[in-house]
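Enquirer: Here the protein sequences come in this chain order: A and B. Be aware that the first sequence starts at 0, since it is given in numbering that gives the first Met the number 0, and climbs by one per residue. Be aware that the second sequence starts at 0, since it is given in numbering that gives the first Met the number 0, and climbs by one per residue.
Since the hints were made in silico from the structure, they are not lab data. Careful, some of the hints might be misleading.
Note: identical chains are not told apart, hence a pair may lie in one copy or across any two.
[Unchecked claim] Straight line, CA to CA, 35 Å or less: simulated DSBU-like cross-link-like pairs of lysine-lysine:
1) Lys101 / Lys537
2) Lys376 / Lys535
3) Lys50 / Lys87
4) Lys127 / Lys535
5) Lys473 / Lys427
6) Lys537 / Lys77
Number of protein chains: 2
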Amino acid sequence: MLPLGGLGEIGKNMTVVEYDGKIVVIDAGVRFPTAEQVGIDLVLPDFSYLKDRAQDIEAIVITHGHEDHLGALPYVIKQLGGARRAPKIYGRPLTMAMGRSKLDEHRLREVELTDVQPGSEINLGTFKIELIHATHSIPDACNVAVTCGAGTMLFTGDYKFDQTPVDGPPADFLRLARFGKEGLLMLLGDSTNVDRPGWSPSESLVGPALYDVFARQRGRIIVTSFASNLHRVQQVIDAAVELNRKVCMLGRSMRKNTNIAKALGILDIPEGVLVQPRDLEHLPDHRVVVMSTGSQGEPLAALRRMAFRDHPQIRIHDGDTVVFSATPIPGNERAVNETIDKLYQAGANVITHKDAPIHASGHGYQEEMKMMLNLTKPKYVMPLHGDYQRLQLHKRLAVSVGVKEDNVFCAENGLPVEIDARGARFGKPVPSGVMYVDGTDIGAPADAALRDRRSLSADGLFVVVATIGDDDGKTVAEPELIFRGVPFKDEADALLEALRDQVDASVERAAADDIHDLDEIQRILHDDVAQLVWEKLKRRPMVLPVVVAV
Amino acid sequence: MLPLGGLGEIGKNMTVVEYDGKIVVIDAGVRFPTAEQVGIDLVLPDFSYLKDRAQDIEAIVITHGHEDHLGALPYVIKQLGGARRAPKIYGRPLTMAMGRSKLDEHRLREVELTDVQPGSEINLGTFKIELIHATHSIPDACNVAVTCGAGTMLFTGDYKFDQTPVDGPPADFLRLARFGKEGLLMLLGDSTNVDRPGWSPSESLVGPALYDVFARQRGRIIVTSFASNLHRVQQVIDAAVELNRKVCMLGRSMRKNTNIAKALGILDIPEGVLVQPRDLEHLPDHRVVVMSTGSQGEPLAALRRMAFRDHPQIRIHDGDTVVFSATPIPGNERAVNETIDKLYQAGANVITHKDAPIHASGHGYQEEMKMMLNLTKPKYVMPLHGDYQRLQLHKRLAVSVGVKEDNVFCAENGLPVEIDARGARFGKPVPSGVMYVDGTDIGAPADAALRDRRSLSADGLFVVVATIGDDDGKTVAEPELIFRGVPFKDEADALLEALRDQVDASVERAAADDIHDLDEIQRILHDDVAQLVWEKLKRRPMVLPVVVAV
Chain A
0 MLPLGGLGEI GKNMTVVEYD GKIVVIDAGV RFPTAEQVGI DLVLPDFSYL KDRAQDIEAI
60 VITHGHEDHL GALPYVIKQL GGARRAPKIY GRPLTMAMGR SKLDEHRLRE VELTDVQPGS
120 EINLGTFKIE LIHATHSIPD ACNVAVTCGA GTMLFTGDYK FDQTPVDGPP ADFLRLARFG
180 KEGLLMLLGD STNVDRPGWS PSESLVGPAL YDVFARQRGR IIVTSFASNL HRVQQVIDAA
240 VELNRKVCML GRSMRKNTNI AKALGILDIP EGVLVQPRDL EHLPDHRVVV MSTGSQGEPL
300 AALRRMAFRD HPQIRIHDGD TVVFSATPIP GNERAVNETI DKLYQAGANV ITHKDAPIHA
360 SGHGYQEEMK MMLNLTKPKY VMPLHGDYQR LQLHKRLAVS VGVKEDNVFC AENGLPVEID
420 ARGARFGKPV PSGVMYVDGT DIGAPADAAL RDRRSLSADG LFVVVATIGD DDGKTVAEPE
480 LIFRGVPFKD EADALLEALR DQVDASVERA AADDIHDLDE IQRILHDDVA QLVWEKLKRR
540 PMVLPVVVAV
Chain B
0 MLPLGGLGEI GKNMTVVEYD GKIVVIDAGV RFPTAEQVGI DLVLPDFSYL KDRAQDIEAI
60 VITHGHEDHL GALPYVIKQL GGARRAPKIY GRPLTMAMGR SKLDEHRLRE VELTDVQPGS
120 EINLGTFKIE LIHATHSIPD ACNVAVTCGA GTMLFTGDYK FDQTPVDGPP ADFLRLARFG
180 KEGLLMLLGD STNVDRPGWS PSESLVGPAL YDVFARQRGR IIVTSFASNL HRVQQVIDAA
240 VELNRKVCML GRSMRKNTNI AKALGILDIP EGVLVQPRDL EHLPDHRVVV MSTGSQGEPL
300 AALRRMAFRD HPQIRIHDGD TVVFSATPIP GNERAVNETI DKLYQAGANV ITHKDAPIHA
360 SGHGYQEEMK MMLNLTKPKY VMPLHGDYQR LQLHKRLAVS VGVKEDNVFC AENGLPVEID
420 ARGARFGKPV PSGVMYVDGT DIGAPADAAL RDRRSLSADG LFVVVATIGD DDGKTVAEPE
480 LIFRGVPFKD EADALLEALR DQVDASVERA AADDIHDLDE IQRILHDDVA QLVWEKLKRR
540 PMVLPVVVAV
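Build the full structure now, drawing on both the sequences and the hints.
Expert: See below:
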């Protein structure tokens with residue numbers, strides 16, 4: 000059992016199961032970069048452990064369609080040898096449809112994705128796989144049971160025990176309890192909400208709350224939530240229909256997910272309810288619900304653009320009400336607050352989960368985690384999907400319901416747990432951490448590129464070009480100086496003059512000292528210029544010396 | 000009444016009162032930069048309106064000693080003509096002592112700071128100033144009443160109505176009510192917690208909660224809170240003394256504020272309680288309380304360094320308990336969470352306000368704001384200290400207690416409200432916004448420097464140096480190429496080769512076209528290289544072309 004990746008979280012995006020030389024991978028997700036990861040597009044788990052093992056991978060199983068469980072799939076497949084050599088991918092129909100859409104965008108059309116229904120068993124040879132229906136904030140979520148010669152491991156994936164889900168049945172309590180009866184070797188459980196006591200509220204409570212909020216509005220209603228939360232989308236549509244409003248989907252992922260879900264029969268939208276953005280101007284405000292991306296304050300999302308009066312089709316005006324049917328993911332608070340404030344400034348009223356119960360988490364709380372442990376009665380427990388704090392808290396919960404303390408393994412990414420007849424223990428760590436997707440490149444975070452960018456962004460740069468004669472090492476042209484990102488306004492001319500003098504002096508000194516190696520002269524130039532800049536500006540920009548010999 | 004500055008907040012850091020050509024300035028505070036403001040040290044209100052008016056300023060009055068009300072003082076004084084020409088500064092003793100310490104650091108020793116006791120009146124000629132005792136999360140806070148020919152304006156500053164403050168009396172209800180009786184022209188009120196219903200909890204409730212948490216610990220206790228919250232520091236010391244633990248102050252601002260407060264008799268610390276970091280190794284863990292900076296996850300603060308195992312004196316070990324007696328300021332959540340998680344990883348247990356009531360806000364909630372309005376019965380209201388959303392909510396509160404809607408002015412920074420016998424109205428906007436402190440410079444945020452840094456940090460840079468003959472314009476040396484912050488690993492050699500060829504080709508084309516102007520050749524080089532880089536890397540780094548003619 001080898002958790003890989005997750006930014007500050009353990010085993011969130013990918014976990015590896017290995018037995019008898021064969022491998023099953025559970026999930027292949029991405030994270031979004033933090034503000035410090037300048038210029039980075041996506042953060043992947045470092046799955047280099049798998050790179051030489053591509054031929055041993057019997058399957059990649061995806062628990063559900065969220066980005067942090069599915070989004071790395073194209074990159075994993077490319078790195079493991081491309082579409083033709085890709086392992087088989089398994090998951091429930093919505094998950095596979097979302098995966099297909101993602102692979103198509105990366106021109107990986109040949110990869111085989113296999114729809115699996117909960118309850119049916121996939122026999123891979125070394126491993127048997129079973130998906131168990133679970134409830135989460137996206138349809139078609141599942142727990143994944145992996146059985147091999149050592150026993151059965153159950154990956155919960157993301158889950159809550161919603162007793163009144165918006166669609167389909169509650170979790171498969173019977174199947175989970177049968178693991179408890181038959182003997183479960185290890186439970187690998189979601190720790191996201193382990194700091195919240197009690198039970199999470201049902202998604203079904205959100206619909207009536209949305210209806211109540213909608214019913215009080217006389218103007219346009221703009222709702223934002225996660226585009227993949229199709230239960231939420233359904234409940235927004237239901238409330239709109241009941242109040243005789245049309246619904247307009249805004250934002251690429253909102254439209255894409257709605258289309259996929261409609262095609263699979265997951266969304267039930269009466270004829271004539273959906274309208275296009277261009278239709279909105281012909282509708283009175285009280286007939287309009289706009290459902291938009293941007294609940295996390297994402298810079299390019301439709302809602303953010305509306306807030307900053309930069310949306311091509313929708314301009315916020317007095318009387319609009321914006322409903323945030325989502326909570327900010329930690330780290331996004333500032334962007335969300337900024338969006339809300341701009342919406343107020345543009346004349347809208349804003350309603351959030353603080354004003355009405357219009358959001359429910361997709362992750363179970365403490366009592367649900369205890370329920371999972373009590374149902375499945377695992378011998379070993381490996382808390383996953385959380386930072387160190389949450390894994391520790393999950394461990395306490397497991398111990399509180401009777402799991403032996405020594406049988407709970409709070410692992411780290413790259414730290415495997417090995418199980419055999421004698422027991423379980425931590426193995427030797429393997430390379431792990433994260434990789435960055437940066438434009439079209441995938442690379443390691445220790446990359447000099449990122450360090451350089453941080454340095455450039457902090458203090459800017461000076462480029463110094465000295466042209467010297469090949470023969471005598473003396474300058475043959477005026478030194479060139481370029482600076483970027485260094486504010487020094489008033490003193491600029493005097494400083495540049497001083498720097499030119501310094502370049503001449505440094506070159507002369509090198510010539511006098513009989514130094515002809517260009518690298519060595521560049522080193523001298525660098526040190527002298529950096530020193531002078533520090534003296535004059537009290538600032539340490541990057542100094543790039545270039546010495547050209549002609 | 001002219002609110003200036005505050006990053007996303009209105010009138011938080013500085014407000015200007017003008018009458019008959021004379022000026023009083025209330026507060027001079029700073030903000031801390033967001034992650035997008037790369038390389039910026041501090042954010043100041045843009046007070047350029049005051050620059051030509053320095054001789055008209057009768058006083059700068061500081062409501063309390065927090066950075067966002069006091070921290071810009073040295074910069075304001077420097078920009079207004081230096082220490083000798085500085086206006087008089089007024090405030091309560093702790094505020095003035097903290098201001099003095101700040102001015103000393105900037106070598107502005109000659110500035111006159113005047114201690115004012117609440118109740119006494121400062122007669123400036125055009126203006127009369129009175130400070131009214133208020134309760135907040137720092138001692139010596141006050142409301143400020145400014146009286147001129149037009150009437151009296153009351154600036155609440157930051158306040159809560161704490162019925163059981165840790166030191167001193169509650170707010171001066173009688174004085175506030177007398178404004179209501181005698182007629183208050185305008186109330187300018189703190190809006191920070193206007194989204195919280197009810198009353199804020201008293202600071203005095205925090206002490207017993209801290210004691211309860213401390214009493215359960217067997218190992219070391221490390222408490223972090225705002226260094227300026229001396230009530231909190233006192234309560235931590237009291238709990239430590241009661242439990243027979245010594246206290247070690249860690250972090251520059253914690254030590255500085257403690258020293259100032261001890262000198263003023265604000266902190267009551269029994270002899271022998273305070274110990275130095277070097278003494279800790281001789282004390283058993285159960286005798287130690289460390290009081291540390293870093294409650295906001297600040298990168299250089301003592302707690303952060305402990306969490307990252309980088310503190311010279313204290314190494315976190317199993318059995319340590321870290322108590323966060325503070326909540327994250329919006330935007331700091333990620334840094335705080337990261338610190339907490341690293342502390343867990345290092346073996347500590349962490350207790351936050353979610354586990355026990357060990358923090359109380361210094362800003363009043365809705366009922367306290369209503370109380371302020373009902374006591375002072377202002378004719379006009381100007382909500383301050385909040386984003387657009389909060390000002391609007393504050394307006395609703397004011398209307399709900401009977402203030403006329405047209406008499407509430409939700410201003411913007413730089414948008415004055417003018418009052419005369421005929422009434423009140425918005426005036427013409429003046430320059431406003433923010434200025435940046437960047438090393439030793441103060442500048443406007445539109446500075447090209449900052450734009451360049453953002454661009455550099457997003458995509459890195461290429462420097463291209465071509466050396467051409469003065470006579471024929473042909474290259475006389477191999478082109479030099481330097482790149483920073485551009486990851487392209489595998490293809491690097493081939494790309495550099497292609498770029499060198501491109502530089503040669505571009506220079507040749509320019510020579511063939513009889514182009515000799517160096518700027519023009521550089522423009523051609525820039526466009527050709529940028530185009531090639533985009534084709535090869537799908538990335539747009541900054542391209543800096545240098546053409547040297549010899």
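Enquirer: If the cutoff is 35 Å on CA atoms, where do lysine 473 and lysine 427 land: within, between, both or neither? Let me know, please.
Expert: neither (58 Å within a copy, 60 Å between copies)
Enquirer: From the Cα coordinates, with 35 Å as the cut-off, is the pair lysine 127 and lysine 535 best called within, between, both, or neither?
Expert: neither (69 Å within a copy, 45 Å between copies)
Enquirer: Treating 35 Å as the Cα threshold, decide for lysine 537 and lysine 77: within, between, both or neither.
Expert: Between. Shortest inter-copy distance 18 Å satisfies the 35 Å Cα cut-off; intra-copy 47 Å does not.
Enquirer: Is it within a copy, between copies, both, or neither that the alpha carbon of lysine 50 lies no farther than 35 Å from that of lysine 87?
Expert: within (16 Å within a copy, 70 Å between copies)
Enquirer: Could you figure out if lysine 376 and lysine 535 sit no more than 35 Å apart (CA to CA) within one copy, between two copies, both or neither?
Expert: neither (69 Å within a copy, 55 Å between copies)
Enquirer: State whether the alpha carbon distance between lysine 101 and lysine 537 is at most 35 Å within one copy, between copies, both, or neither.
Expert: Close across copies (20 Å), not inside one copy (49 Å); limit 35 Å.
The structure shown violates the earlier hints numbered 2, 4 and 5.
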